[in-house]
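Colleague: Given next are the chains, with one letter for each unit.
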Amino acid sequence: GENVEQHPSTLSVQEGDSAVIKCTYSDSASNYFPWYKQELGKGPQLIIDIRSNVGEKKDQRIAVTLNKTAKHFSLHITETQPEDSAVYFCAASISYGGSQGNLIFGKGTKLSVKP
Amino acid sequence: DTAVSQTPKYLVTQMGNDKSIKCEQNLGHDTMYWYKQDSKKFLKIMFSYNNKELIINETVPNRFSPKSPDKAHLNLHINSLELGDSAVYFCASGDPNQPQHFGDGTRLSIL
Chain A
152 GENVEQHPST
162 LSVQEGDSAV
172 IKCTYSDSAS
182 NYFPWYKQEL
192 GKGPQLIIDI
202 RSNVGEKKDQ
212 RIAVTLNKTA
222 KHFSLHITET
232 QPEDSAVYFC
242 AASISYGGSQ
252 GNLIFGKGTK
262 LSVKP
Chain B
-7 DTAVSQTPKY
3 LVTQMGNDKS
13 IKCEQNLGHD
23 TMYWYKQDSK
33 KFLKIMFSYN
43 NKELIINETV
53 PNRFSPKSPD
63 KAHLNLHINS
73 LELGDSAVYF
83 CASGDPNQPQ
93 HFGDGTRLSI
103 L
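Chains as they are written, first to last, in this note's numbering: chain A, 152 to 266; chain B, -7 to 103.
Incorrect hints may appear among the rest.
Unchecked claim - With a straight-line Cα cutoff of 16 Å, these simulated EDC-like cross-link-like pairs (lysine to aspartate or glutamate) come out:
1) B:K44 <-> B:D30
2) B:K32 <-> A:E190
3) A:K258 <-> B:D30
4) A:K219 <-> A:E153
5) B:K44 <-> B:E16
6) B:K28 <-> B:D96
7) B:K33 <-> A:D168
8) B:K33 <-> A:E190
Unchecked claim - Far from chain A by the CB rule (all over 12 Å, computed), these chain B residues:
9) N18
10) K32
11) K44
12) N54
13) S57
14) P61
15) K63
16) S78
17) I102
Simulated from the structure, these hints should not be mistaken for lab results. Note that this is a predicted model, so its numbers are computed, not measured. Even for Gly, the Cβ is constructed at its ideal location relative to N, Cα and C.
Construct all of the structure, not just a fragment, from the sequences and the given hints.
Modeller: Laid out in structure tokens, this is it:
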């Protein structure tokens, strides 16, 4: 089955710097890759996602890149702010026809942004 | 307006008891899910439920059973609770090929 590896497990940056979190997946059939942000005491919230027919997607300070050949995808946060501090999860799944397979999550990255 | 809501937020109970966690979604999604997040924050799917049919069950003990009274609700029933069941349980909902939306979790603690 699918396996998703996520690195680093912890990341500390200064406010205003960029943060990059990387994930690799094992199943070449995976075609949907969401990123979730989880704040303390809250559920995971989708921040951006990408499908395998696209190499890059941006939404303001957040971007995701996908390299299907290497089977890895990355989250980029620019101009980080203290409120970006949270645990970030990548995930992978297979979407086919009218169904979506299991979301397989990475183990999370705890991002700390120091003011 | 909370999209996916689950109750209770905290649940403390004795080993061997039976308990339920309720989940409701107001997004009109066809599929609902239950996830377990362990003490190391690892998120793992337990069930997905679509049109009164359990379509995914990831090697979860049969002490755990989802029950869906209608499309907007998927409750999680747990029998004979064990120490290892202590975790945060998340409900989620989604449509095929669309992002899943999560509730804020229920922290289950077994004494």
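Colleague: With reference to the structure, classify each hint as holding or not holding.
Modeller: Comparing the hints with the structure gives:
1. B:K44 <-> B:D30: violated, 27 Å
2. B:K32 <-> A:E190: Answer holds: K32 (chain B) to E190 (chain A) is near 15 Å, not above 16 Å.
3. A:K258 <-> B:D30: holds, 11 Å
4. A:K219 <-> A:E153: holds, 15 Å
5. B:K44 <-> B:E16: Between K44 (chain B) and E16 (chain B) the Cα gap is close to 15 Å, so the pair holds against 16 Å.
6. B:K28 <-> B:D96: holds, 12 Å
7. B:K33 <-> A:D168: violated, 26 Å
8. B:K33 <-> A:E190: holds, 12 Å
9. N18: At roughly 15 Å from the nearest Cβ of chain A, N18 (chain B) sits farther out than 12 Å, so the non-interface label holds.
10. K32: Its Cβ does come within 12 Å of chain A, the nearest being 7 Å, so this is violated.
11. K44: holds, 16 Å
12. N54: holds, 19 Å
13. S57: The claim stands: S57 (chain B) keeps its Cβ more than 12 Å from every Cβ of chain A (closest is about 19 Å).
14. P61: holds, 22 Å
15. K63: The assertion about K63 (chain B) holds, with a minimum of 16 Å to chain A.
16. S78: holds, 17 Å
17. I102: The assertion about I102 (chain B) holds, with a minimum of 20 Å to chain A.
Checked against the numbered hints above, the structure violates hints 1, 7, 10; every other hint is satisfied.
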